[in-house]
Amino acid sequence: MTAYIIRRLLLMIPTLLGIMTVNFFVIQAAPGGPVDQLIARLQAANTSVIERVAGSQKGEVLGAGAGGGEEKTSRYRGSQGLDPKLIKEIEKLYGFDKPIWVRYVQMLKRYVRFDFGDSFFRDRSVIRLILDKMPVSISLGVSSTLIIYLVSIPLGIRKATRHGTRFDLWTSTLIIVGNAVPVFLFAIILIVFLAGGSYLDWFPLRGLTSPDFASLSLAGKVLDFFWHLTLPVLAMVIGGFATLTMLTKNSFLDEIHKQYVVTARAKGLTEGRILYGHVFRNAMLIVISGFPAALVGMFFTGSLLIEVIFSLDGLGLLGFESTMQRDYPVMFGTLYIFTFLGLLLKLVSDMTYTLVDPRIDFETRES
30 MTAYIIRRLL LMIPTLLGIM TVNFFVIQAA PGGPVDQLIA RLQAANTSVI ERVAGSQKGE
90 VLGAGAGGGE EKTSRYRGSQ GLDPKLIKEI EKLYGFDKPI WVRYVQMLKR YVRFDFGDSF
150 FRDRSVIRLI LDKMPVSISL GVSSTLIIYL VSIPLGIRKA TRHGTRFDLW TSTLIIVGNA
210 VPVFLFAIIL IVFLAGGSYL DWFPLRGLTS PDFASLSLAG KVLDFFWHLT LPVLAMVIGG
270 FATLTMLTKN SFLDEIHKQY VVTARAKGLT EGRILYGHVF RNAMLIVISG FPAALVGMFF
330 TGSLLIEVIF SLDGLGLLGF ESTMQRDYPV MFGTLYIFTF LGLLLKLVSD MTYTLVDPRI
390 DFETRES
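Adding 29 to a residue's 1-based position in the sequence shown gives its number in the working numbering.
Hints may contain errors.
Straight-line distance between alpha carbons at most 20 Å, and here's what the computed SDA-like set of lysine to any residue pairs gives [stated by the list, open to error]:
hint: 1; residue 1: LYS138; residue 2: LEU39
hint: 2; residue 1: LYS121; residue 2: PHE150
hint: 3; residue 1: LYS127; residue 2: GLY61
hint: 4; residue 1: LYS375; residue 2: VAL171
hint: 5; residue 1: LYS375; residue 2: LEU314
hint: 6; residue 1: LYS138; residue 2: THR44
hint: 7; residue 1: LYS296; residue 2: PHE309
hint: 8; residue 1: LYS127; residue 2: LEU39
hint: 9; residue 1: LYS127; residue 2: GLN57
hint: 10; residue 1: LYS287; residue 2: ILE303
hint: 11; residue 1: LYS138; residue 2: VAL266
hint: 12; residue 1: LYS127; residue 2: LEU115
hint: 13; residue 1: LYS114; residue 2: MET41
hint: 14; residue 1: LYS287; residue 2: PHE309
hint: 15; residue 1: LYS287; residue 2: TYR305
hint: 16; residue 1: LYS138; residue 2: SER154
hint: 17; residue 1: LYS121; residue 2: VAL131
hint: 18; residue 1: LYS138; residue 2: GLY124
hint: 19; residue 1: LYS138; residue 2: LEU46
hint: 20; residue 1: LYS121; residue 2: GLN135
hint: 21; residue 1: LYS117; residue 2: ASP65
hint: 22; residue 1: LYS114; residue 2: TRP130
hint: 23; residue 1: LYS287; residue 2: THR299
hint: 24; residue 1: LYS250; residue 2: SER227
hint: 25; residue 1: LYS375; residue 2: MET41
hint: 26; residue 1: LYS250; residue 2: ILE167
hint: 27; residue 1: LYS127; residue 2: VAL55
hint: 28; residue 1: LYS138; residue 2: ILE42
hint: 29; residue 1: LYS250; residue 2: LYS375
hint: 30; residue 1: LYS127; residue 2: ASP65
hint: 31; residue 1: LYS375; residue 2: ILE315
hint: 32; residue 1: LYS121; residue 2: GLY61
Label pairs and their in silico Cβ distance ranges [stated by the list, open to error]:
hint: 33; residue 1: SER340; residue 2: ILE315; range: 52 to 60 Å
hint: 34; residue 1: PRO128; residue 2: PHE254; range: 47 to 55 Å
hint: 35; residue 1: HIS192; residue 2: ASP147; range: 53 to 61 Å
hint: 36; residue 1: PHE222; residue 2: LYS114; range: 45 to 53 Å
hint: 37; residue 1: THR44; residue 2: LEU252; range: 20 to 28 Å
hint: 38; residue 1: LEU40; residue 2: GLN135; range: 22 to 30 Å
hint: 39; residue 1: TRP256; residue 2: ARG294; range: 44 to 52 Å
It is worth saying that the hints were derived from the structure and are not from the lab. Quantities reported herein were computed from a predicted structural model and do not represent experimental measurements. Glycine included, every Cβ here is placed at the ideal spot set by N, Cα and C.
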């Protein structure tokens with residue numbers, strides 16, 4: 030197993046390099062980069078000033094931004110009327126005064142040291158931004174993932190043991206309908222009915238804490254936190270039951286009809302002993318394969334729509350705003366961190382296979 034782990038760790042290097050390389054050059058080639066973003070802001074501010082002055086003063090304001098009336102073609106849209114020296118300073122500010130391959134190599138050198146630099150537009154380090162936003166995303170991710178797993182796995186087992194009954198039919202209908210309802214629509218429905226929209230006013234509408242949170246007791250803080258967390262989590266889990274429940278059910282159905290189960294019954298073992306002593310271990314292998322994605326989602330990803338609807342400042346909103354602003358350090362830094370952790374968790378998932386079923390030997394399979 031040690032040799033397999035070492036090979037997997039070494040394989041992570043070209044995998045991570047390939048993902049970062051493709052994303053770097055694709056994103057860099059896309060229009061509307063950080064230089065264009067700042068130029069647009071300067072032009073908007075310049076236009077705002079012009080609109081406030083008299084017609085005779087327009088030339089002076091424009092002259093402040095123009096390079097002595099010189100007209101030069103620029104590769105940045107919206108840069109007309111700005112001093113070419115200012116454009117050069119903006120390029121230097123964001124590192125765009127260097128060729129793209131130089132920026133690429135510099136990024137790789139920094140990322141090897143886990144140095145992700147500072148955000149272009151937030152004046153803070155990428156790591157600090159992620160750490161500041163993570164509590165919100167972790168709160169949503171851990172709560173929703175635990176609820177989905179604690180409900181879906183027992184429900185899937187129950188559906189497998191009662192396959193074809195009315196219970197199986199009705200539960201399948203409910204989870205399929207829940208899966209078909211868009212998350213944002215269900216969130217709005219919860220707000221309308223439970224957050225003072227038109228009916229009941231049982232839950233708060235925004236944030237994860239109340240204004241007087243600091244003055245509450247420890248028990249009061251815990252209750253206040255979960256009170257605010259209820260609606261966002263409910264909105265996130267409504268569509269998450271279907272896949273895991275049906276996956277668990279089908280896995281158990283496949284195992285229940287195998288010969289070793291028939292043999293166990295012939296030996297007089299109880300259904301509970303057969304189900305949880307023999308079938309469970311084999312059937313859960315396919316469920317375990319989804320743990321890496323679930324763990325990444327639990328700790329590091331956020332739902333943009335849920336965060337916007339319930340006014341939560343998490344990683345989902347950070348990622349969206351960084352993409353819209355072309356904040357490259359945040360975009361590439363989060364991509365690197367999430368990809369690296371995802372690869373590590375995939376390895377942990379493979380190691381978990383051997384704990385659940387000792388018959389699995391990755392060394393033998395690879396040889």
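These are the hints, each one checked on the structure:
Proposed proximity of LYS138 and LEU39 is supported: the alpha carbons are some 18 Å apart, at most 20 Å. For the suggested pair LYS121 and PHE150, the alpha carbons sit about 15 Å apart, so the restraint of at most 20 Å is met. About 18 Å separates the Cα atoms of LYS127 and GLY61, which keeps this hinted pair within 20 Å; it holds. A distance of roughly 18 Å separates the Cα atoms of LYS375 and VAL171; the hinted pair therefore holds under the 20 Å criterion.
Restraint check: the Cα-Cα separation between LYS375 and LEU314 comes to about 14 Å, which is no more than 20 Å; the hinted pair holds. Taking the CA atoms of LYS138 and THR44, the gap is about 16 Å. The hint holds against a cut of 20 Å. Between LYS296 and PHE309 the CA atoms are separated by roughly 18 Å; this keeps the pair inside 20 Å, and the hint holds. Restraint check: the Cα-Cα separation between LYS127 and LEU39 comes to about 31 Å, which exceeds 20 Å; the hinted pair is violated.
This hinted pair checks out: LYS127 and GLN57 have alpha carbons roughly 13 Å apart, not beyond 20 Å. Distance restraint check for LYS287 and ILE303: the Cα-Cα separation of roughly 12 Å lies within the 20 Å cut-off, and the hinted pair is therefore satisfied. Taken as a hint, the LYS138 and VAL266 pair is broken in the structure, with Cα atoms around 40 Å apart against an allowance of 20 Å. Restraint check for LYS127 and LEU115: satisfied, since their Cα atoms lie roughly 16 Å apart, inside the 20 Å limit.
Annotation: proposed proximity of LYS114 to MET41 is violated, straight-line Cα distance about 43 Å (limit 20 Å). Between LYS287 and PHE309 the CA atoms are separated by roughly 13 Å; this keeps the pair inside 20 Å, and the hint holds. Only pairs whose Cα atoms come within 20 Å are accepted, and LYS287 paired with TYR305 is accepted, the gap being roughly 15 Å. The suggested pairing of LYS138 with SER154 holds, with an alpha-carbon distance near 17 Å, which does not exceed 20 Å.
Pair hint LYS121 plus VAL131 holds up; C-alpha atoms about 13 Å apart against a cutoff of 20 Å. A C-alpha spacing of about 15 Å is found between LYS138 and GLY124, which places the hinted pair at or below 20 Å, so the restraint holds. Between LYS138 and LEU46 the CA atoms are separated by roughly 12 Å; this keeps the pair inside 20 Å, and the hint holds. Among the hinted pairs, LYS121 with GLN135 is consistent with the structure: their alpha-carbon atoms are about 15 Å apart, no more than 20 Å.
Of the supplied pair hints, the one linking LYS117 and ASP65 holds, its CA atoms being roughly 12 Å apart against a limit of 20 Å. Between LYS114 and TRP130 the alpha-carbon distance is near 24 Å, which puts this suggested pair outside the 20 Å criterion. A threshold of 20 Å between alpha carbons decides the hint, and for LYS287 with THR299 the separation of about 16 Å falls inside it, so the pair holds. Only pairs whose Cα atoms come within 20 Å are accepted, and LYS250 paired with SER227 is rejected, the gap being roughly 28 Å.
A distance of roughly 10 Å separates the Cα atoms of LYS375 and MET41; the hinted pair therefore holds under the 20 Å criterion. As the CA atoms of LYS250 and ILE167 are separated by approximately 17 Å, the hinted pair is consistent with the 20 Å bound. Taken as a hint, the LYS127 and VAL55 pair is honoured in the structure, with Cα atoms around 17 Å apart against an allowance of 20 Å. Proximity of LYS138 to ILE42 is assessed by CA-CA distance (about 13 Å); at most 20 Å being required, the pair is judged to hold.
Using a Cα cut-off of 20 Å, the hinted pair LYS250 and LYS375 is violated, with the two alpha carbons roughly 36 Å apart. Distance check on the hinted pair: LYS127 and ASP65 sit about 16 Å apart at the alpha-carbon level, within 20 Å; holds. Under the criterion of a C-alpha separation no larger than 20 Å, the hint pairing LYS375 with ILE315 is consistent with the structure, at around 13 Å. Straight-line distance between C-alpha atoms of LYS121 and GLY61 comes to about 17 Å, which keeps the hinted pair within the 20 Å bound.
A hinted range of 52 to 60 Å for the beta carbons of SER340 and ILE315 is inconsistent with their spacing of about 38 Å. Checked against the given bound of 47 to 55 Å, the beta carbons of PRO128 and PHE254, roughly 50 Å apart, stay inside it. Roughly 56 Å separates the CB atoms of HIS192 and ASP147, a value that falls within the hinted 53 to 61 Å. Separation of PHE222 from LYS114 is about 59 Å and departs from the stated range, judged on CB atoms against 45 to 53 Å.
THR44 and LEU252 have their C-beta atoms about 44 Å apart, which leaves the hinted 20 to 28 Å range violated. Under the hint 22 to 30 Å, the C-beta atoms of LEU40 and GLN135, about 25 Å apart, fit the expected range. A beta carbon spacing of about 48 Å between TRP256 and ARG294 agrees with the range 44 to 52 Å that was offered as a hint.
Checked against the numbered hints above, the structure violates hints 8, 11, 13, 22, 24, 29, 33, 36 and 37; every other hint is satisfied.
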